[in-house]
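> Residue-level listing of the chains:
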Amino acid sequence: MSGWAIPAAICLGLVAGVLSGVFGVGGGILFVPTLLLLGLGQVEAAATSLLAVVPTAATGALRQRAYGNLRHRAALVIGAVSVVGAELGVQIATRLDEDVIRRAFGVLLVVVAARLALSARREPRRYPDVS
Amino acid sequence: MVARLALIGLVAGVFSTVFGVGGGIVVVPLLISFVGLPTHAAAATSLGAILVTATAGALLYAFRGDVRVGYALLIGIPAVAGALVGTQLQQRLSGRALTLAFSAFVAVIGVRLIL
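Top line first, the protein sequences correspond to chains A and B. So the number in my numbering is just where the residue sits in the first sequence, counting from 1, plus 931. So the number in my numbering is just where the residue sits in the second sequence, counting from 1, plus 37.
Chain A with its partners taken away, still in its complex shape (with noise of 0.2 Å):
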């Protein structure tokens, strides 16, 4: 690890922070890739990155219900739910091939950012909504 890899995975912490309290990711799209920067195996940082995500979705969450924005009952459901269909991503994953799928996964993505830009015409001009 060189001179500059901890101020590095500082700033990169920070940026997933802010980027998880705009739009409500976990901040493993950076954590993940700065892990692996920082010198850890795939699973070491798949691991480490799951628990950094904690304190900061919590946070997140938090100062969310202060707000107002927190649908606790939704949120659990979602979240228990998801943890069994993380159990069945790993028996689909073993299936496939990784570029496929990854591939695959990216054009949904655009489509769904497409749709999002679309319904983006609907949405009130202010916040909070004083309609």
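The hints are simulated quantities; they were obtained by calculation from the structure and are not laboratory data. Owing to the predicted nature of the structure, the values given are computational and were not obtained by experimental measurement. Do not rely on the hints blindly, as some may be mistaken.
[As the list claims (entries may be wrong)] To give an idea of the interface, some chain A residues facing chain B are shown, with a C-beta separation under 10 Å as derived from the structure:
#1 934
#2 941
#3 945
#4 950
#5 957
#6 972
#7 1007
#8 1010
#9 1021
#10 1024
#11 1027
#12 1050
Beta carbons are placed, not taken as given, at the ideal position from N, Cα and C, and that holds for glycine.
Assemble the complex: chain A is given as a structure, and chain B must be docked to it using the hints.
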């Protein structure tokens, strides 16, 4: 309603392990289009769901000895500061601006996965 939420959870779980990106990128758009939540509420609820999933996942990995706590703190502590800034910043964005920004974020990740 519960059936829809459970379906979102299932899809998020499968996608996060199969594609290696977290569930949030899937949960937020589904909460918007499939459940009809406003974008701010969708992002907030996604964070709550991720908290549950990541805690379970981190515990499972920890039992196997794969978690490096020092490294998790190295990136997790700045990320907590970032999350405070991010949620604050989000409150200044309109639903429209936030949805458009999220759409751009999803598009970038989608293109990165294709290439």
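> It remains to establish, for every hint, whether it holds in the given structure.
Results for each hint:
1. A cut of 10 Å between beta carbons decides the hint on residue 934 (chain A): the least distance to chain B is about 15 Å, and the hint is violated.
2. Against a cut-off of 10 Å between C-beta atoms, the interface hint on residue 941 (chain A) holds, since the closest Cβ of chain B lies about 5 Å away.
3. About 4 Å separates the beta-carbon of residue 945 (chain A) from the nearest beta-carbon of chain B, less than 10 Å, and the hint is met.
4. Because the beta carbon of residue 950 (chain A) sits about 7 Å from the nearest beta carbon in chain B, less than 10 Å, this interface hint is met.
5. The beta carbon of residue 957 (chain A) comes within 4 Å of a beta carbon in chain B, closer than 10 Å, and the hint placing it at the interface holds.
6. Checking residue 972 (chain A) against chain B by beta carbon gives a least distance of about 9 Å; that is within 10 Å, so the hint holds.
7. For residue 1007 (chain A), the shortest C-beta to C-beta distance to chain B is roughly 6 Å, which falls under 10 Å, so the interface hint holds.
8. Interface hint at residue 1010 (chain A): satisfied, since its Cβ lies 3 Å from the closest Cβ of chain B, which is below the 10 Å cut-off.
9. Restraint check, residue 1021 (chain A) versus chain B: the minimum CB separation of about 5 Å is within 10 Å; hint holds.
10. For residue 1024 (chain A), the interface hint holds, since its Cβ comes within 10 Å of a Cβ in chain B; the closest pair sits about 5 Å apart.
11. Nearest Cβ of chain B to the Cβ of residue 1027 (chain A): about 8 Å, under the 10 Å cut. The hint holds.
12. The closest approach between the C-beta of residue 1050 (chain A) and any C-beta of chain B is roughly 7 Å, which is under the 10 Å cut-off, so the hint is satisfied.
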